[in-house]
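Chain by chain, the residues:
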Amino acid sequence: MNSIKNNNQSIRSAFGDTIFELGSAMSNLYVVNVDLKTSLSLDKFANKFRSRFIECGVAESNAAGIAAGLAKSGKTVFLTSFACFSPAINWAVIKQSICYQNLPVIIVGSHAGLLSGDLGATHQMLEDVALMRTLPNMSVCAPIDANETTDIVKYLAKTISPAYLRLVRPSTPIVPKIKFTPGKSQIIQSGSDVTVLGYGPVLLQSLEIKNFKLEIINCSSIKPLDSETILKSIKKTGRCLVIEDHQKNGGLGDAVANLILSSGIKCKFISLGVDNQFGQSAKDWQTLYDHYGLAKKAIINAIKKLL
Amino acid sequence: MNLFSNNKKHPLSEISRELRIDILDTVFKAGFGHIGGSLSSIDILVALYFSKLFDFNRDHFILSAGHLCLSHYAILAKLGKFPKKLLDTYSEFGSILQGHESIDVPGVEYSSGSLGQGLSFAAGLALGDKDHHTVCLTTDGEHNEGQIWETVMFANKYHLGNLINIVDCNGIQIGGYTDDIMPLKSLAAKYIQNGWTVTTVNGHDFNALHKAIIRSKNSTIYPACIIAKTISGSGISFMEKNPQYHDVKSLPQNLYLTALDELNQK
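From first to last, the protein sequence lines stand for chains B and S.
Heads up, the first sequence stops at 307 in this note's numbering, and the numbers go up one at a time, no gaps.
Heads up, the second sequence stops at 266 in this note's numbering, and the numbers go up one at a time, no gaps.
Looking at chain S on its own, in the form it has when it is part of the complex:
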């Protein structure tokens, strides 16, 4: 699958490429980071933040999977929420850019890291602020957590039509492939059975993401779930679908340059 095939002429594709480089640079300099999921989720975040479908000064974005913070940091820096050079301090002592994101970061509404909690928080926020949308980003691996399913039932009961949960389904979690760690079977079926409006999309196709978001926003009575099929490490060939790159403790310079070269040629 050429993940850029559908995006070549899309105006957001250049932003996405630029932010992939920011993520790669940040991980290389820090010698640490959850790069696989950050790269699989970046197109989703670009679609959310740059499609003009939401105003996150009033609408809410909750990153439930806090380890994907690198993609969120790159977005927020691009938006000017903090100076881009701050990315160089990622995970350093005293930096607001921790290894999992916190509300100390301008533009962040929820401190996350312990999986499964953000969707509950998002549902509570959606219940308390019905005039705006609350968008939550979770992952497929995160759906191992029972709390997620408590919230799936809750959102149906309270008709949270202003809640959208986007699931970054890259098939990989920290211990390996999701199918091996804990098979999820059909996520779509589970959400549909619980009364959610479900849309399954290619999570790297901006046109498809755009349509899915509009459909989800139009689901005003029922909560909406977008199941975004993505590729872990997307955009960097040797990282793609490779569980070793769920997170890295260091990134050798030769691999960094190879990856950078590939992103520069996109």
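So that you can see chain B by itself, here it is in the shape it has in the complex:
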């Protein structure tokens, strides 16, 4: 995990820079915020596009409704907050006012997962993927690095239906040759022993494991899930490991397990995630990944069990 700690590019900044860039090109692009402008790197957008930066104050439910109403009037709307507040507080509003109306609102939940570190359990959103992937009309994306964040934001700005974008707090390494394709997963390392699936920077740890032939697949599109790429790989390896900085319940692991069982393909399967627990503060999130079984050591142990 040192490579993540020492890296140099911020996913949040990539988000803010891309939104700023799109703000010039798209006169119908609005950002709805809940007093977390700086935390989401939105100062530049807010200063330049004052009339299109809508500050709702600390009121996530209303913010989701405002975003929906703006979208109904023909705007493309990014609803921006921490994941522990949006979609956590305003999920029912997202369901009724955004998803059921099928409106183009992109819900951006930053500071997701244990990576929010010292903020503690209340701010470590570990249930957002579960909440969002169950909603009809909703797509769910989680970029692995800053470059993919840019690609995904540009893609989502043109969509005509609701989407959830999961972002993390720290700066993280850039993965070479990452290319986001809507609805698809990307094989970022080919191998024949074990298929490793995940999303977000937690997956990067598997790239540091060199003693096994791992096929590492970046599932940045969590919904829709790229069943073709995933099943093709699992058919080849016969072993599947899912890793996610999220509760095991309701996350990608559950989605992939369902996919495999439904396909009839026989394979060994392990899902790594937070196991029915709350998070806690730590100055170094490496400590948290060690404690909750998401660190490199836990991944290696899981691989050994599968082989």
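It is worth saying that the hints were derived from the structure and are not from the lab.
There is no bait here: all hints are sound.
List time: in silico EDC-like cross-link candidates among lysine to aspartate or glutamate, alpha-carbon distance up to 16 Å:
1. S:K266 - S:E14
2. B:K154 - B:D17
3. B:K179 - B:D226
4. S:K157 - B:D35
5. S:K85 - S:D22
6. S:K157 - B:E55
A quick note: this is a predicted structure, and the numbers were derived from the prediction, not measured.
Please arrange chain S on chain B, whose structure you already have, making use of the hints.
Quick look at chain S alone, frame taken from chain B:
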């Protein structure tokens, strides 16, 4: 209070009576429906849709309290948005007329049911479409929801002079009287303190509603709230102010005929 006293010679009163019968018929046939609030809100909707003060092909109407859909369905059928006989399918499997209204229904702009959300949606719509008015219908019981108050502050901040929130204040919610469930104290004071233009009216008096709507439309800088004092179940004596008729699971034929008889004699 004779709720028709002020309306006897008003041209809209006959439409209102006809739509009350449609609501009653629909509930009787379906054996289900939120009839109390539908009857308390019907005069408000008649005033909105038939007073020529709005063009809802361009202006927006958002029913936040989705359980009042029966009154909205009756209006939309009357306007020819869908065949009136479709009311007979209300809440049946496969019908677009669900127990809470959805955008599948022609003329409906917002799918509602979970209370407190529609005013936010209406405020967002008003912010995004400043060339037209957005009118929202909420209820007094709905003001238990914190989201309403988030929007009340928001609409003031963004000077949504094209937003009108009409509150159907019938004093009854699903669990009983609003004063017992959660006292609201003065709604008018709360809205005034938050910078809204507030008008309190008899929600069954078309002349008063007409004036209140014009006053609200003229409030072009500040959002407007019309506090419409209404009677739950209005027009059917045994239902009026009776919490049992907030919603019904069935309506026996003898009660249906009694109610129909009363409406036919108005």
